[in-house]
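A.B. asks: Listed below, chain by chain, are the residues.
2 protein chains.
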Amino acid sequence: MLEAFFVLGEKNAGFDILYHNMKHGQIATKELAEFVRERAAIEETYSKSMSKLAKIASNGSPLGTFAPMWDVFRVSSDKLALCHLELMRKMNDLIRDINKYNEEQVKIHRKTKEEVIGTLESVQSLQVQNSHLQKAREGYHSKCVELERLRKEGVPQKELEKAELKSKKAAESFAGSIEKFNRAGRDFEQKMSESAQKFQDIEEAHLRQMKLLIKAYSHSIEDTHVQVGQVHEEFKQNVENIGIENLIQKFTDQKGTGKERPGPVGFEEYLSPLVSENSKKSRAKAFRIPGLGKRDKEPDSM
Amino acid sequence: MLEAFFVLGEKNAGFDILYHNMKHGQIATKELAEFVRERAAIEETYSKSMSKLAKIASNGSPLGTFAPMWDVFRVSSDKLALCHLELMRKMNDLIRDINKYNEEQVKIHRKTKEEVIGTLESVQSLQVQNSHLQKAREGYHSKCVELERLRKEGVPQKELEKAELKSKKAAESFAGSIEKFNRAGRDFEQKMSESAQKFQDIEEAHLRQMKLLIKAYSHSIEDTHVQVGQVHEEFKQNVENIGIENLIQKFTDQKGTGKERPGPVGFEEYLSPLVSENSKKSRAKAFRIPGLGKRDKEPDSM
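Here the protein sequences come in this chain order: A and B. Going by my numbering, the first sequence opens with residue 1, and the numbers climb by one from there. Going by my numbering, the second sequence opens with residue 1, and the numbers climb by one from there.
I should point out that these hints are in silico values taken from the structure, not numbers from a laboratory. Honestly, I wouldn't trust all of these hints.
No distinction is drawn between identical chains; accordingly, a pair holds when it is met within one copy or between any pair of copies.
Said to hold, decoys possible - The calculated lysine-lysine pairs, modelled on DSS-like cross-linking and capped at a C-alpha distance of 25 Å, are:
| no. | residue 1 | residue 2 |
| --- | --- | --- |
| 1 | Lys100 | Lys211 |
| 2 | Lys180 | Lys52 |
| 3 | Lys30 | Lys211 |
| 4 | Lys100 | Lys30 |
| 5 | Lys48 | Lys79 |
| 6 | Lys250 | Lys198 |
| 7 | Lys52 | Lys30 |
| 8 | Lys211 | Lys180 |
| 9 | Lys23 | Lys166 |
| 10 | Lys215 | Lys55 |
| 11 | Lys236 | Lys211 |
| 12 | Lys236 | Lys30 |
| 13 | Lys236 | Lys250 |
| 14 | Lys90 | Lys52 |
| 15 | Lys90 | Lys113 |
| 16 | Lys48 | Lys30 |
All chains, please: the whole structure from these sequences, using the hints.
C.D. replies: What follows is the structure, encoded as structure tokens:
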């Protein structure tokens, strides 16, 4: 790609295209920062929404057999919130890197502009010489036209010689302009060649840097994507692990709706109060049927 | 897990725990729908934000060597927007499934409540018999205490016989209450056993259905996660594929800042106008140096 840039050709806009293109490099850097800033904001919003979702899960009814599942939802949503919060942080770090690069870019461009002043002068000099060249060419040609006309009209020899002298002088002036123009051209070519290379180096370094920044962007997103995948896998596993039997067991443990059934009640012979307290207690227990006690509410309609 | 539910045991709250637990099943279904609705809203917001991000990318400056990269950002962001929009749609479909299940659930619970009315009556009957049993037991024991006291006091035989008769009658009444209580107990046990099994079947079917709905939820999220991964991979590949040389080449093609250099200008002999127009044009062209024309602006400071 050496010498990809040079300023001539059918539709060239010249030195200033390359000169101004540096500015577009700075614009691109700022736009990339803006893009990443927007992405960071999106991830922050997503993270907050996931925290809200975790809150909804934690507000799930603690009653009923399904209750323990809400914890699985809550944990998963909280973890997703963290993943996206981390991505937001990484995006913010990246914005700092982009801004830092932008500052370096400004310095490099300022330095480069000083370095290419010579080329700018050479461009202007070539423009001046070009204009002289055009005039000299027109002058020479108009003298030739005049000489040809006089020859056709058959004017006196003296007048013809005068016109020939004028034509010769115009030819010399034209040749001199060509000489000067070509000298300016060689100077321009050498300086422009150096500047074009400089501009190209700047562009290549710029694009290399931008691609590095984009790589950091996509690495961060990729890391988060892997983490999010792990959170999903965990969620699936947790749902799988909480079996239906498990949930029903937890419920019966919690509510005490166990398997014990009431045995039949037998006749209880009266015993004198001399009998020990302990044996009295154990007998009394046989009559208590907790499922039917006063503290149990009557069923009502839902 | 057969007979996981029965209503007796140390801390039982009885029939009504199982009866009311159906209501918690409906609450869980509604809460799951609410959770998924929130998730759908989150994905919709994320999708819209990604479209906005794509817009930012498409507004990236079309000037400069970096310009073609914006298309890579735009395409990727647009695709991410689509992925999350699809997830939102799947969540909305899931909400419909959850609501449909909730309607079925309401019907099943209504039917079940009718079916367990007999058990409810049996519970009430057992409570009544239990209360009679307690009274009969107390009556019998108080008569025994009275008889014992009279014996100790050595009251006349006639009075003692009267008390013995009372005690015997109280014992018969107590035995009758036991008989009735045990009959009610057997009826209760049979009906409660059926109802407990019914409640357990309902719980198991409910949890099975809820787990199916959760599976649909996590499958949709997983699908989207895979798609998002593909979009990221594509983005990375596209960035990789647009080489720095490529970008510079595109720029030089677009701007025409090619490699062509100005050749030296030579002396141009004047030719008579008789020479064809075509050859005149081609000569004139040799003097045009487009990079230095009037239409090119002077470089200005950034």
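A.B. asks: Confirm or reject each hint.
C.D. replies: Okay, the hints, checked on the actual structure:
Taking the shortest Cα distances, Lys100 and Lys211 sit within 25 Å of each other inside one copy (15 Å), while across copies they are farther apart (51 Å). Within a single copy, Lys180 and Lys52 get their C-alpha atoms no closer than 77 Å, and across copies no closer than 58 Å, so neither meets the 25 Å cut-off. For the homomeric pair Lys30 and Lys211, the shortest alpha-carbon distance inside one copy (14 Å) is at most 25 Å, but the shortest distance between copies (49 Å) is not. Taking CA atoms no more than 25 Å apart as the test, Lys100 paired with Lys30 passes inside one copy only; the shortest distance there is 11 Å, against 51 Å between copies.
For the identical chains of this complex, Lys48 and Lys79 are neighbours both inside a copy (12 Å) and across copies (23 Å), given an alpha-carbon limit of 25 Å. In the homo-oligomer, the alpha carbons of Lys250 and Lys198 lie at most 25 Å apart only across protomers (18 Å), although the nearest pairing inside one protomer, at 75 Å, exceeds that limit. Taking identical chains as interchangeable, the C-alpha atoms of Lys52 and Lys30 lie at most 25 Å apart only when they sit on different chains, with a minimum of 18 Å there against 33 Å within one chain. When the C-alpha separation of Lys211 and Lys180 is checked against a cutoff of 25 Å, the pair qualifies neither within a copy, at 45 Å, nor between copies, at 89 Å.
Proximity of Lys23 and Lys166 under a CA criterion of 25 Å is satisfied in neither setting, with 51 Å inside one chain copy and 116 Å between copies. In this assembly of identical chains, Lys215 and Lys55 lie within 25 Å of each other by CA distance solely across copies; the values are 21 Å between and 35 Å within a copy. When the C-alpha separation of Lys236 and Lys211 is checked against a cutoff of 25 Å, the pair qualifies only between copies, where the shortest distance is 10 Å, while the shortest distance within a copy is 37 Å. For the identical chains of this complex, Lys236 and Lys30 are inter-copy neighbours only, at 21 Å across copies versus 42 Å inside a copy, given an alpha-carbon limit of 25 Å.
In this assembly of identical chains, Lys236 and Lys250 lie within 25 Å of each other by CA distance solely inside one copy; the values are 20 Å within and 48 Å between copies. In this assembly of identical chains, Lys90 and Lys52 lie within 25 Å of each other by CA distance both inside one copy and across copies; the values are 22 Å within and 21 Å between. In the homo-oligomer, the alpha carbons of Lys90 and Lys113 never lie at most 25 Å apart, since the shortest distance is 35 Å inside one protomer and 56 Å across protomers. Taking identical chains as interchangeable, the C-alpha atoms of Lys48 and Lys30 lie at most 25 Å apart only when they sit on different chains, with a minimum of 23 Å there against 27 Å within one chain.
Violated hints, listed in ascending order, are 2, 8, 9, 15; each of the other numbered hints is respected by the structure.
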